[in-house]
Structure formats: C-alpha cells, structure tokens
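Asks: Chains as they are written, first to last, in my numbering: chain A, 1 to 512; chain B, 513 to 656.
You may find that some hints are simply not true.
[To be verified] Here are the simulated DSS-like pairs of lysine-lysine, each with C-alpha atoms no more than 30 Å apart in a straight line:
hint	chain 1	residue 1	chain 2	residue 2
1	A	LYS111	A	LYS200
2	A	LYS84	A	LYS111
3	A	LYS256	B	LYS589
4	A	LYS200	A	LYS256
5	A	LYS263	A	LYS111
6	B	LYS647	A	LYS320
7	B	LYS653	B	LYS589
8	B	LYS589	A	LYS320
9	B	LYS589	B	LYS647
Read the hints as simulated data drawn from the structure, not as lab findings.
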Amino acid sequence: MVTVRISDDALAIACGADEVAAAFAQAGHEVLRVSSWGMQWLEPLVEIDGMGFGPAAPGDVAAILDGSSPLGIGRIEAHPFIAKQQRLTFARAGKTRPTSLEDYAASDGWKGLAHAREIGGEATIEQVIASGLRGRGGAGFPTGIKWRTVAGAVADQKYIVCNADEGDSATFADRMLMEGDPYCLIEGMAIAGFAVGASKGYIYVRSEYPHAIAKLEEAIRVSAHLVAPFDVEVRVGAGAYVCGEETSLLNSLEGKRGEVRAKPPIPALVGLFGRPTIVNNVLSLAAIPYIMAQGAQAYADYGMGRSRGTMPIQLAGNIKHGGLYETAFGISLGELVNEIGGGTQSGRPVKAVQVGGPLGAYLHPEQFEIPFDYEAYAAVDALIGHGGITVFDDSADMAGMARFAMEFCAVESCGKCTPCRIGSIRGRELIDRILDRAPRGRDVVETLPQMHNAKTAPRSLEDEIVLLEDLCETMKFGSLCALGGFTPYPVMSALKHWPEDFGAVRTAEAAE
Amino acid sequence: MVHSALSGLDEIVARHAGREGPLLPILHDVQAEYGHVSEDAKRYIAGALNLSRADVHGVVSFYHDFREAPAARPVLKLCRAEACQARGVEALVADAEAAAQGRVTIEPVYCLGLCSVGPNAMVGSAVHARLDGPKLDALIKGLA
Chain A
1 MVTVRISDDA LAIACGADEV AAAFAQAGHE VLRVSSWGMQ WLEPLVEIDG
51 MGFGPAAPGD VAAILDGSSP LGIGRIEAHP FIAKQQRLTF ARAGKTRPTS
101 LEDYAASDGW KGLAHAREIG GEATIEQVIA SGLRGRGGAG FPTGIKWRTV
151 AGAVADQKYI VCNADEGDSA TFADRMLMEG DPYCLIEGMA IAGFAVGASK
201 GYIYVRSEYP HAIAKLEEAI RVSAHLVAPF DVEVRVGAGA YVCGEETSLL
251 NSLEGKRGEV RAKPPIPALV GLFGRPTIVN NVLSLAAIPY IMAQGAQAYA
301 DYGMGRSRGT MPIQLAGNIK HGGLYETAFG ISLGELVNEI GGGTQSGRPV
351 KAVQVGGPLG AYLHPEQFEI PFDYEAYAAV DALIGHGGIT VFDDSADMAG
401 MARFAMEFCA VESCGKCTPC RIGSIRGREL IDRILDRAPR GRDVVETLPQ
451 MHNAKTAPRS LEDEIVLLED LCETMKFGSL CALGGFTPYP VMSALKHWPE
501 DFGAVRTAEA AE
Chain B
513 MVHSALSGLD EIVARHAGRE GPLLPILHDV QAEYGHVSED AKRYIAGALN
563 LSRADVHGVV SFYHDFREAP AARPVLKLCR AEACQARGVE ALVADAEAAA
613 QGRVTIEPVY CLGLCSVGPN AMVGSAVHAR LDGPKLDALI KGLA
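The whole structure should be built from the sequences, with the hints applied where relevant.
Replies: Shown next as structure tokens:
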C-alpha cells in the first residue's frame, strides 16, 4: 500500500481528480487529499513519494503504480515551474491538507498571529507598513496605511472585510488560497482584527465558488478557539461582478443592492454599517502571516521599485502551461508567457495578452519586455490588477474583444453612474457600427431646421472611431468606480494595437 | 402561496435572526429551498425585516443569482469570459444550443476560476473543465 496525494481543489475536481482518487482507493491505497501545486495543465496530478504523474485518469492507476506510466514528470519540487517560483503566500500549496489544523501548525501556522500578539497592535501595523505590501485586489493601495487609518478611528465597532469576490476572468489565486490554505486567510484576518481593534470579520465569497465556501466554513468552525475573541463569518455573493468593488461589496454585505458608493467618505472611516472597516483582498490578508512570522524586511527584500514582495500571478487562457506562479515583482511579461507558460496551447503565435482581468489592457507581444510592476504597467496605460494573465493566439478578433468589454460592462454595471450605465451600451453600439461599416446617418433631431450647425454629412468610419475614443475618455474620468473607469483600457488598447481588426488604417503613431 | 410554504419562510427568516445584514443570506436560502423568490416571499421577508416590498424587490432584481420565477428546465452555466473565449468556448455555443433543444437552459456565467483549463461549465455546484464539443454534448444530454 502506498500513500497517494491528490488535490481536492475545484480545478482538479473539474478535471476528474475525484475519480482518480477513488480508483487509487479502490486499488487499496491510502489517498490524501491535499491542496493544489498550481500546475494546472497537469491536473489531476498524482503525487507518490514526491514524484508526480499527470494529467492522470482512472485508467492510468495501474501503470502509475507499476512504474510504467509515461505521465511521470519526476520530482514535483524540482519541476522548473515550481523550482523557479518564490512562494511566500502559497508556501503550503501542494504540501498540506487544506483543513488540517495539524498540518497548518506544523508548517509555521499561527506564528504570525502569536508574534503580533506579542509585539502589540501598533508595532504590527508598523511591520505591515515596512513590508511595503500593497493591496493585491488591483488598486495597489498600501495595506499598512489603510490599517493605520482604521486603527486611528474611534468607534464602538470596527470590521475586517475580506474581499473574495474574485470575478475577473483569468484569476483564481483567491480561490486556490481559500480552498488550499484557508487557515492562512483566517490568521491574516485575525492579525488585522487584533492590530486595529476589530472583533468581527466577514469573508465575502462569490457564489461561483462553492468549494471555497465549504472549506472556509469548516476551517472557521475548527479554528474559532484559536482566533477568539475575533470572529469570522462567510457571506456569499449573488452573481454580481461589481460587488468586487469595495463599496459595492459593503452595500451587498449590508443586504442592499450592490451599488457603488461615492468616496469620500472612505470605507476605512465610514465602511460597513457606517463603521471603520478594513476591506482587503484575500491575497493581501494571506500575505500577512508570512510578514509577521518572518519579519517585514524578509518580505520587502523581494520585488522592485515601489512594488515589494511577491505576486501570485495566474497564467490562463490559451496557454500551454497554465497555473499559479508566485514570484517577486519585476519579472517580464515575455518570460511569463513564453518561457514559463510555454506559449499558446494551440501552438499558434501569441497575438495579445490581457493582464488584469476584464478591465485590463490588451498588451501586444512587442511590449513583452515590460516588468511586472504597478508603476511600469500604469505608465503604458495598463494595469496588473489581480495578477491574471489571459493569452490569446492569432485567431483572436480584437475588435470583438473590445465589443465584449463594453457588453460586459453594460451587463454588470450597477447603474449608479451615467458614464458606466449608458456609456457601455453606446460603446457597444458604436463598435457594432464600426464593424458593420455602417456609420450613423443624421437622426431626426439633427435634420430639424433649428439644428443648422449640425453636420450635414453622415459620419465616416474615422468620425466613429474618434467618437469611441471620446466616449472612452468620458467613461475613464467620469465613472464612479473601476468598472466604468477601466473598461476603456481593453477597448483603447485593442484599438491602438490592432486597428486593422476594426477596419481602420494603422496610423504612424499606433505602429510605433 | 399555501400556508405551509409561509411557515417554511418563517423558519428561514428565524434562522438568520440576529445576524447583521440578513437579507442576502435569507434570499439565498429561499432561492435554494423554493428555486425562486416569489412575490409572496418578497412581501413576507419585507414584513419580517421591516423593509418595504420595493427594497426587497430591488435587491432580488439586482443580483443574477436570484430568480423571480422557477427555472423551467435544468440549467447549465457555460463560462463565456475572456479566458474561456481564448480557449474556444464561442465555437461550442451553437452546437450546445442545438443539443439543448429547449430541454436544458444554457446560461452564460462570467468566470468559474478555472481559467487555464477551459472551456468550463457548472451544473448546480459541480464543475466541469476541458470541455470540447462531444464532452459538452454528453453533459447537456445527461441533464435533459
């Protein structure tokens, strides 16, 4: 009888891990369900004595056991995809049973919380500031500064809210962390609660993640005595993408429509139920136990510029070796896509890479040298967001993707502000007219005698494109939150780098 | 609505008494129990939480997860977000609709968090990855 380790991550299960696990159990072997290593193209990945086999199917069991299987990848920890990473937040990935308190304690668990309790709240916040940790949800705001603001606010009740409404396409690091290492998130929240004087925490998880919800609920129940008097509760979203925006999330937690609130006041002062509230992403909170246990400097030693520490990057879409790749900031996009990711799954050339989810810009292979860094991306009108990377091959229609961005914004808009609610609809119509080569003629109002200043000629294709740029400008600066404000990034980047997909002539500026 | 259904609602509302912001958890339970949130349920919940019926209706209609009428057929949620598009989900849609033939409802979902192994789908809380034409067809026919 051998001990077989197979992930019970939702992705592994979707790829058939339960069936493979059952086949090993049937053959009389002990099966341990552990977290996922993050080598997703190899799931279901079977681990026996440190050696990996994948992707495995129930029919491969006999061959894996007798050593004749061609699926072997050698020692998992030595695999280049794993060996080259710098896993701080995902240090336990693949190594522990997700809800085992024993495994968590044996792998340095609860050390960060113990240290925080030892040095006190104020010193804890200083550590978080010194680590240089910035919000991993996308905005990149310094986590420690947010904590200090909440700590300084006076109120009868404060809250720690974990934003686990991971709605961006190509992102799954929050899901993997919650499913694979739920105690790490709970410990991070307990440290935050201790540091700022909050006794109550909520984890707002999207309803599309039932496996994560189940794991968290079990982990919260089992670890309640360890984090007391801090108390954590899971709340489930209801399929609204915009609830990933922090103020919309707070409204949703309060039982209201997930509409965005105008800022100020900031949630750190007037947040959940009007009380001072820390709203942090899963990855921000999960980075805290490492920082507290190993010291702020150990974390800050990684990274570049003002982007300190590591980022769990998610490689997805049309990519050969997709999965979770945690590494220090500064790695180039080309290395991520071509060397680590192995290029496209289809084997065709890479056409575009979207970084940062549905609101992130499409980057051209000519921009592959850009380092993974908040400021470097902002400088080219792009964003790293939550660290999701979607690769497209040369069959992608970038005008179609731009249209999709507008359509997605229209479907998911909360409706509170006009540029997002109406602008996205008009944007989709505009792109449709551009693609149909059917510029709009004069409408009824424009033909009225009073409108003698209106243009008499119908719009040209160029007019429509100028109008689209103008609309994007309005949405970018006029929207209340990132949904309407960032939708122009994918649209404008598609238009800039692939004008031919819109039927426009490549201008000298765009060809630079 | 018959009396027994209202008493079921009573139990659901009581289960969440004392929680902060109980409306979403209540609506999730009602949706899970009855398959939809009916007009009567909205009125009952509004009364129990001291909200207006319009407040509750506004919340129910805002979120994609809550239905105001029961789903007529089994639902398969097919991910249509960018990563699954990059992996070819759009090419599967026409055949999937044909296979569903009105016996299964195919709804779009925007991301299941399985973005490197798409196209992906979800039925209830079960997730399915690496779908191609035949696999999706079998999945749909298994539901119909």
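Asks: So which of the earlier hints does this model not fit?
Replies: 5
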